[in-house]
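S.K.: Starting from the known structure of chain R, fit chain B onto it as the hints suggest.
Taken in order, these protein sequences are the chains called R and B. The first sequence begins at 0 in numbering that gives the first Met the number 0 and counts up by one. The second sequence begins at 0 in numbering that gives the first Met the number 0 and counts up by one.
Simulated from the structure, these hints should not be mistaken for lab results. Any given hint could be a false lead.
[As the list claims (entries may be wrong)] Here are some of the chain B residues that sit facing chain R, going by a computed Cβ distance under 10 angstroms: (1) Y20; (2) F24; (3) V42; (4) M53; (5) L111; (6) L126; (7) T147.
Even for Gly, the Cβ is constructed at its ideal location relative to N, Cα and C.
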Amino acid sequence: MNAQCERYRELAADVVNGVAEPAQVDRLEEHVADCAECRAYLEALRREDLLLAELVERLDTGMAGRRERLVGAIKGQHKQTRRSMKWSINMTSPLARMAAAAAIVFVVVLGAVFFPGSNVTFATVVEPILNAKTVIVDLVVGGEDGPVMHEIIVGGRIRRNMSNLPTLTQVLDLEGGRMLALDDTSKTAIYVDIAGDVQEGTKNYVEFLRQAIRQVQDAHVEGLGEREIDGVAAVGFVGRGENEEVTIWADAKTGHPLRIELTMGRDFRAAMKNFQFDVPVDAALVSMDVPEGYTLADMQVDLGDATEADFVEGLRIWAEIIGDEVFPDAIGTEEAMQQMPVLIQKLIARSIPEAEATTLGISFGRAMLFHQMLERRKITWGYAGAGVRFGDGGKAVFWYEPEGAATRRVIYGDLSVRDVAAADLQR
Amino acid sequence: MGNGSNQGDEAGPWIAGEAAYEAFFRNHYRQVFAVCLGMLNNVHDAEDAAQETMLRGLVKGPESDAEGFRCWIVRVARNLCVDVLRKRKRLRPPATERVVQARSDVNARYDLEQALRRLPMELRVPLLMYYFDGRNATSIAERLNVSTATACQRLRMARRQLHDLMTGETKP
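Extracted from the complex, chain R is given alone in its bound form (with noise of 0.2 angstroms):
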């Protein structure tokens, strides 16, 4: 062993740990081919390293069986310290109706078409079904694990609630353009005018509940044999329109379904469940009166057509807000549904004024109407704002091309927007 040698052997422990470059493994390599008791060193840290992992590998295993117990001690603790959290809350009602509004916004905005060219005729047996007056479905949004809106669909009347939001409901009058939310804790009303892209989409997606039935009914799709889906034989079927596919499994005995899957375009992903039909529902439910210990809040809240503006103002508050001046490793219906729990956490901590908090909610929404909107309309979008840092105007957060436009809109890390030549995007 020479002088030499000691280099070699701290470069031994680099690439044993993986953080030695190319270069310098090859000058290690042609080392040890002529030192045989560097090989040998070697030799002994890969071994050890192979132990080392082995033991973590182990310690591991041990913990697995332990790790659900802990997980379980640290969940029931932690509820604890968040109800004391959440009393507080309770006790500021003006912040409970800041929250209530700042969440009303999402209405989920589905596509219009599917499966086109399909002539669908309306079999005698799914006649009842499909004139339905009323149907109750669970809406996953996202993976299992995404918020599910629970629907009640009384002809054109809607009453949503969402997992996440446990104290808001919606009550949307899909012919009226208006929705009216309620704030259980606050014991809040306000009317929204929906006008426009949401009543639109939302009125879609009750005619794509319908013809997703029929397209089981019908068969016009692929099958996908048969599968026990809560205990019951179903068969499947998948569908695939030029922005979306769609998987629907139902009952095979009755055809009545039990569970319908969606991918539009790259963002959205639902699944809808725990479908009942004409079952007698309370008309109080999906009544647009403010009801009785309710009061109605002196607010005007607009969620007509989303602008190009609302989305960057709704980017702002996701990276500034939320994203404590990062912008979020990804954008989408399902990514704002559960950041938005997030953001009244946030606006309650920064103490921001009720007024100006309400104002921020709806930017947001709005920001996500856009974005829903871009979807529906097949406009090419894309998102590369992941770990951006909010102000670094150097940096493409955000991209869409308009419709027949050469250029691409492209807004960048400060919020400033470009027209871009497509060419020139790709760093």
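M.R.: Okay, now just chain B, sitting in the frame of chain R:
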């Protein structure tokens, strides 16, 4: 979703239910445990400290940004472990003797565990973090709030000293 995946992960579980708890654990537990084990040298104590750390992380969560949080939670773990070590010192006198190992009849695995115990804490912690976090030196640097070069250097020293301890080449 879009171009990225759904990674609301770094934020805390106050977001949305059970899945968020899972994500929080996935993102932090192994690293926190690695730090505690590195400092306390005892799986049972390390689990206790890791549990307490995670709980503090859950409570603190909403105020913090992702990068800062990754660093912060490791700092909490270290502080808690320092407390445990202090208590231990009070409870029992410092070990005056090391268990004498009959080197001939122990296998490599046992050697490794013993060597690991004897490795200085400031090297043992990054080394365990390395194995508990997918062999990622950059992530260790971030968690320990040191430069990547420093993290690499500590890993290098850890590996070399561990080898010396295992082969009995260490100087007293």
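S.K.: Among the hints numbered above, which are violated by the structure, and what are their numbers in rising order?
M.R.: none
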